[in-house]
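Each chain, letter by letter, is given below.
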Amino acid sequence: MFWNRTNVYRFLLIGAFIALIGTGCALEKRDQIFHLRGDYNYQFYKNHPQDYALTTVAHWAHGRISDILLEAPHDVRKSDEDFFKQGKWFLENPSKVEPHQDYVAPEYARLVWRAIRVVDWTHQLHEQLYDIMADPNIPPDQKKQWINRSVDYYLSEPETAFSPAPFEEVVMKRVRLTHQPWFKTFRTHWPKTNGLFWAFHWWHPVIYEVQLLNPNLEDQKRAIQKIDDLFMKDVVVHPPRRMHLSREVMPRFSQLSPEAANIFDNLHMFHGIVYDILASPKVQDKKKEIYRMIDLMTVRKGDREMAGNFPIPHPDLDPMVYSSELKGGGGEMGRIMGHGMGMHSPDHKEGS
Amino acid sequence: MKILKIYVLFAILMGWVFVNPLSVRAADHRNLEENHPTRIEDAYPIAYRSFELQSRGGYERNGEFGKDIGFAELELKWGAFKNAHLVFGLPLQFGEEVEPDQNGNVILEGLYNFNVETQLLPAMTLKSEISIPGGSDSNGLGFELMGIATKGWGKNRFHLNVGYDRNSGAAQNERTHLYRFGVAFDRPIDLDHLFVSDFFIDQSALKGDDPIYSFLVGIRKQVNPWSVLNLGVGHGFGSREAPDLIVSLGFQLNF
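In order, the protein sequences belong to chains Z and W. Position 52 (the first sequence) corresponds to 52 in this note's numbering; numbering is contiguous. Position 249 (the second sequence) corresponds to 249 in this note's numbering; numbering is contiguous.
Read the hints as simulated data drawn from the structure, not as lab findings. The beta carbon of each residue, even a glycine, is placed where N, CA and C say it ideally should be. Treat the hints with care, as some may be off.
As the list claims (entries may be wrong) - Using C-beta positions, here's what the derived DEER-type ranges look like: (1) VAL183(W) with PHE11(Z): 17 to 27 Å; (2) ARG292(Z) with TYR213(W): 11 to 21 Å; (3) HIS177(W) with ASN137(Z): 54 to 64 Å; (4) LEU120(W) with LYS46(Z): 41 to 51 Å.
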């Protein structure tokens, strides 16, 4: 008899496989890519384990808050304070190993996988450059060529690579940040958590500047320890009232690799944009809006040629000092935002 | 003996990778691999352009036949394409039932993931495996096809494996076509530790025998960014072939 139990099993199995292949082919791919190999791999983890542990907290916080915002908590003020306290606890008790973004933000990953990919891919670039700067076997005059190699690899995946064009071009002209309905939602309703992120966005680039100024490994270890102390004792407690741009807090490294400086600015702003979108009740289709932002912020042809088109406001900045100017709300962001408001106003004329 | 020498060579290589952290990184304790420590395979391959060396050792006690079996396995995975990996595996068995100690089948495997999981749909994957004879219990070329699905809700993830095995060299009292079905659950304990458990129903290779029911629970620990350690314990029932006790210890190195 043809319709015996074994044949029924076979048909069910074949049918399931065909359905699986047919459905799966039409859907979004995972597309995870391994990092660029080099002898410098892992130097930062090896030489600065305490600092590496702090990066795990920063990346945990960036992922975890996305899931919390998706839950749309009723008491936002309490949630903001709770998350800030949890973040401080993790800073004092960091994990030694960095979790993937989808591990700490699983619901967010299911909603907008491409957003996870662009962030993880850019975090890989972060680690590559930390490793290169921490490798005592790469002399200072060869750092740039290794950095460029990493940036080349990063930009070879244009679907997930942020633009190396300056913040003014990407965030102000393409995204038109100040004219978006969700603009400032997160910083308005989640001030404590937002301050924590802006503290991280001071600390991340400052580490590069300190590495550049201290090529000797032992000097670098001591300097980074001082930066970590400053971060914990002052910056987290009194976070800046603006998001710093790379050019402000790592002026020398920004000149060494303007592409990397801009990519990190665009990444940091992307974090803020995502939190604004997730926190805003004005955006119903979160996925559509976040993917629209990714399309606007990822690399385009010709972006690399304009990488160096930004001013360096304080070329001789001492990165070991968290000055009152850095704590304030003006700086480059204030200058650009003011210009941006005018640029996108109804009576603005091109070229003005 | 030749296979044993190859195994020793792999062990030396593995040891070199383990003590040389500069060459390796980015293992992922949430990416479940078959037999590390549970039998379930999740829907995701290793990253494109990465390699992963996996090793495990363990012990099974078969109460019905009163035999002890030790086993060790080495697998090399290669993220050869986006969303796909290839595997070369060398299992080794030793113990009362296996005289003299010898290798199991040589495993060649390919896995392709069709999609990332979304809020509605699971991640779906197809795995195909060829096992080349050489094992103590094997006398024919084996072929396996498996459908895999992974779906999560919150921090919890659930997995489904549905597999078909064809043993072209089955003896008269053995089945040629074998089916198996497995479900599993995993959940983070903290940032570095993952709890995982599974339950499998395997059609017994012996005609007329009951299915083998088995379950395992275990923990996967991210030791450092380049390696994962896993430990599992389990029990089987049903078929006469079902193990009373399974203990498995493994680690994975990504490079």
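- Query: In ascending order, which of the hints set out earlier in this document are inconsistent with the structure?
  - Reply: 2
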